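There are 2 protein chains.
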Amino acid sequence: MDDTYRGDETLDRLLRRAGSPLGAARVRRLVRGVVAAPEPFEPDAWMALVAARPGAELAGQLAALRARLAAAADDGLDGPGNEAPARLEALLGELRRRRLHGFIVPRADEHQGEYVPRRAERLAWLTGFTGSAGTAVVLRDRAAVFVDGRYTLQARTEVDAALYEFPPPADGPPGQWIAAHLPPKARLAYDPWLHTPDQVAHLRAACEKAGARLVAAADNPVDAVWRNQPPPPIAPVVAQSTTFTGVTADEKRRRVAATLADEKVDAAVLTAPDSIAWLLNLRGGDVPFTPLALAFAVLNADATVDLFVDRRKLTKGVERHLDKEVTVRGPGAFGAALDRLGGARKTVRVDPAGTPAWVVDRLKKAGARLSRGPDPCALPKARKTPVELKGIRAAHRRDGASLSRFLAWLAATAPDGGVTEMAAAERLEGLRRQGKHFRGLSFPTISGAGANGAIVHYRVTEKTNRDLEPGSLYLVDSGAQYLDGTTDVTRTVAIGEPTDEMRDRFTRVLKGHIAIATARFPKGTTGSQLDTLARRALWEVGLDYDHGTGHGVGAYLCVHEGPQRVSKQPNRVALEPGMVVSNEPGYYKTGAYGIRIENLVTVTPAEAPEGAEKDLLGFETLTLAPIDLTVVEPSLVTGAERAWLDAYHARVREALTPLVDADTARWLETATRPLG
Amino acid sequence: MDDTYRGDETLDRLLRRAGSPLGAARVRRLVRGVVAAPEPFEPDAWMALVAARPGAELAGQLAALRARLAAAADDGLDGPGNEAPARLEALLGELRRRRLHGFIVPRADEHQGEYVPRRAERLAWLTGFTGSAGTAVVLRDRAAVFVDGRYTLQARTEVDAALYEFPPPADGPPGQWIAAHLPPKARLAYDPWLHTPDQVAHLRAACEKAGARLVAAADNPVDAVWRNQPPPPIAPVVAQSTTFTGVTADEKRRRVAATLADEKVDAAVLTAPDSIAWLLNLRGGDVPFTPLALAFAVLNADATVDLFVDRRKLTKGVERHLDKEVTVRGPGAFGAALDRLGGARKTVRVDPAGTPAWVVDRLKKAGARLSRGPDPCALPKARKTPVELKGIRAAHRRDGASLSRFLAWLAATAPDGGVTEMAAAERLEGLRRQGKHFRGLSFPTISGAGANGAIVHYRVTEKTNRDLEPGSLYLVDSGAQYLDGTTDVTRTVAIGEPTDEMRDRFTRVLKGHIAIATARFPKGTTGSQLDTLARRALWEVGLDYDHGTGHGVGAYLCVHEGPQRVSKQPNRVALEPGMVVSNEPGYYKTGAYGIRIENLVTVTPAEAPEGAEKDLLGFETLTLAPIDLTVVEPSLVTGAERAWLDAYHARVREALTPLVDADTARWLETATRPLG
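Here the protein sequences line up with chains S and W, keeping their order.
Here our numbering is used: position 126 in the first sequence is 126, and no number is missing along the way.
Here our numbering is used: position 1 in the second sequence is 1, and no number is missing along the way.
Fair warning: there could be bad hints in the mix.
Just so you know, same-sequence chains aren't split out, so a pair can sit in one copy or run between any two.
No farther apart than 30 Å at their CA atoms in a straight line, the calculated lysine-lysine pairs in the DSSO-like style are these [stated by the list, open to error]:
id, residue 1, residue 2
1, Lys614, Lys324
2, Lys436, Lys463
3, Lys614, Lys390
4, Lys390, Lys436
5, Lys364, Lys209
6, Lys324, Lys523
7, Lys390, Lys185
8, Lys324, Lys264
9, Lys365, Lys463
10, Lys365, Lys390
11, Lys523, Lys589
12, Lys264, Lys209
Note that these hints are calculated values from the structure, not bench results.
Nothing here was measured: the structure is a model prediction, and the numbers come from that model.
With the hints as extra help, turn the sequences into a complete structure.
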């Protein structure tokens, strides 16, 4: 293949020869979008968007063009040196021009997704903070970065403290800080595409407290000063086979539409790309770690759908897959469609927790009746079908085999020293990559040795990379996307001999894990009701962990999905059979070590004894990988806990031994022995 | 004393002679209010509102007048026969006259109190339903009574099913039913004094779903057709000594006002009479079982208070007690005061969970800025002072002694048969009455034998009264108001020999009770997070109970108070030292028996072991009374549970033995023995 780009004329010629309807200029624009998407699992799959069969020469030129445009784009986030002062100055200049006193920069895109496209990494561009949740508030005379407990350490490392304050999480979300620091009559702006109406209401109340005004910015002031901001991403959209979903898109549309009709709702605006991916059995690659395409949709009560998506992303297969009840329109047609709903006085479902304020404002202005309520896809998406569960179990066997190969290697290698966090993460990814249906990681691997393990959302970098040292704990939280399921698993292993304190803490975390794994609870119980079971053994000795106990997980979709969760934060969604959640209590000793034991579990009916009056539910553990017995203190474990642990390990051994090499099998034999 | 009323002229003469400023006509009006208040603990205390020292003759005439007016008023709730059809017809006629399609009748007064004055018993007057929570929705062609799980049985007994439907609780609150049955364009009315803005929003959404309109009724249509509706109640208002409160009203006003100032709030409208009673160290008797005076107040950020209360209720002592920073105004001045707050563009705190929509609407219309947030007295009221806790502990010793005398008598008497639920409740009340500082019961005693025990909020009547039969369980949930504290305790005892199933269930309830009593949890934990601990042993065998695990309790105030609670319903209020909550898991087998074990507990700091990172809290059990060991199955009890039970019983024995008679002491000795 050529590795230099030979110019647009050559490209034009090759495009014509390949029968592509596109010319070089349009291909350049498309490639800029491709570059703005995350690195795809199949590097050249996007070329199908240019021509059905590009041929070697065209493919070579396309690759070369991509490389050239990628290099040109590369000053986005990774510019040389600390550009934060200049960027902040530029933003302040823009605000002055607009007579704004300040602007709010959330780490959010128009879809309120956890992973956002490069274009939406405004918070990172401005402040350097790369965590998955946070907000900057920039005022004329001071600025602050707000992050939650997970990210306090990371924010201090990444963000220039000379430019930004870090109000402690105890001070609550930005509202209180805004109320305290915004001068009376000042105008604080927000981008209505990046905030939900609930968030706007919170911000507005804060401004009112200060006697100031919250105003919607017509366009984002950061975009105005971000030179070379990436365009919206372009990654191929493909159909997800009913072999994996178990239910056709047609059936899903009908079922969800029926729930709308039941509630006398005419249409639902879908702004969550994973809802759209689930509903239409589509997958894409617009954001990292998650196979979804950024899009909006309107699901009508007659089961028809208007899908607003960049047509250039659609592969031929998808156009065949989408039946005639799904109308594809460009993203630019979305606003007019909302206006039409309003003009026809339709009752429109919007989810106040996820819909951009822009959408709600537009619908209101157009005259729509708003039905505020949950995204109608959220709950059916969370209840996995039997076919999905079959795939998820298969994915977990493959994933567990890869993880076990990794852990066996680690056990053999790490005690001698020289294994780094980065090398470990890379080895694990390499092993996973060999698994059938693998499509990439489901989130950045957390590979934390010693004190780094105590950073809950640690992400190893060249600078922080450390050796797995004897006498320390190593925490690895990782997961993958497979066509048949999404995994997320954490194991904490001792490198060499753990201390008594480590064993005590690990065992308490394990007791919490087992309490969730073995919980039996009546239908109607929420994850919030179960959360405490996971913490009790830690509470007893005055310890706790500062994160939720479990999050929902998609089926080859988002590794974090709702609406259910296991958390001390109130959640009113009952656990239902087929839902998948993580079970991940932990304990973190700052500067010393971190412990987390995470399995995914699915809600199942549980056998109820004679005399039972309630339908009981429980969990089936999906994740299959040994839990390090060398860090378990047997004297702290009850008989019932021991029984669970031994049975789990027997299951792990039985399921994984046939899938691994002989060395790993031998290691598995020991690693899954009954607790001594 | 005279027992006949000798006419207004005589009364006038006696009033003049006693130096009363009132004439007979005003006294008549006052006495009508007295009659509309619940039966007071001191029957003649109200006479102090007429004259400082009435003298025997005047007192006799006042008593005679009261008896006469009481007899005349007595057609209110207890009219002969079933008047429900006529009353419903009258209401429908009134609605037709007002061109309304329907009206909502909540069991609520203007203060959203649990106990309401007779005047506000509109739901009971209309439908016959006397439970403490419920709503009727009356439409032209159908009507329904909505009650929660506690009251489904009672509603079916009390309400005429020919007139009212009983939509099942699973159907949710009235909204869904309204949306389904209200015709398009119809006007459904509500009384804005009886609903909070949140409730109105819920009702409005339901009406909108139906394409209908929710409208505020200018005055309550039930009042228009309720002949002989009682006037607002009049019971003497007295000062509560700082001997019991520990903090002066002056200090409280200053502290709460400071929290308002901190939040840049100019004033708080207080509509909860218990908040006002707490804030101003006042007690009254306007509603049953709770020593409070119905009133409204505005607390200003400068710590001054405008108190809107019927002056006629104030005893001389109170006028001395209220210092010059508290201005007393008549209830009629309340609206104008809200207008003044609005006119001055004040920022006014209103609690959306308790403030009548009328108040919020009026403030808005007048131009006030609303600060929606919790009643600023709720949290400080919930955190009992050391002096309050000292009183509460003393009250519990007295209460426990009375309850133990009752239980000892029951143990000696009931197995022979012939003790009825009613007789038992009366005996228990009689014993409590002898206790120092006793001021009445804190709620109607639940005295449930056998199957009646399974009715969670059972209230014995002549019709339902049954014998405590051998081989059955007897549940008694009762409490009292003492000047130094409010109690609430439930014991379930076996009459004769319990069955194995009863012992299994009782022991599981006890395990839940002990799990709460022994819980240790980090500062910041909410009651919602603890609720599951109380249910786990029941869940294991497919059982549960359909009520919360714990409610807050006032200090000589409401037996149910917030803001904290222990419940599976999400509650975001952290438990704090000094808060008092009940610990009352249960199990109810419909048609067979009910079990509940309830102690009050207070939140205390807990000792944290070495290495603890969190401040730990736990509970101190306040209630002192034996738990029936004959219904405990020792094989189900863990060592730690047994240790708690034995230690609790030792404490009960030690505290109560000095306070009881010899027979009871002997019984206590056995009843508090270590679990065999």
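Here is how each hint holds up against the structure:
1. Lys614 - Lys324: For Lys614 and Lys324, neither the intra-copy (45 Å) nor the inter-copy (59 Å) Cα distance is at most 30 Å.
2. Lys436 - Lys463: neither (34 Å within a copy, 72 Å between copies)
3. Lys614 - Lys390: within (27 Å within a copy, 42 Å between copies)
4. Lys390 - Lys436: within (15 Å within a copy, 69 Å between copies)
5. Lys364 - Lys209: So Lys364 and Lys209 pass the 30 Å test inside a copy (26 Å) and across (16 Å) alike.
6. Lys324 - Lys523: neither (39 Å within a copy, 57 Å between copies)
7. Lys390 - Lys185: neither (59 Å within a copy, 51 Å between copies)
8. Lys324 - Lys264: within (24 Å within a copy, 58 Å between copies)
9. Lys365 - Lys463: Cα proximity of Lys365 and Lys463: none, with 51 Å in one copy and 60 Å across.
10. Lys365 - Lys390: neither (46 Å within a copy, 60 Å between copies)
11. Lys523 - Lys589: Only across copies: Lys523 and Lys589 sit 18 Å apart there, 36 Å inside one copy, limit 30 Å.
12. Lys264 - Lys209: Classified as between; 7 Å across copies, 38 Å inside a copy.
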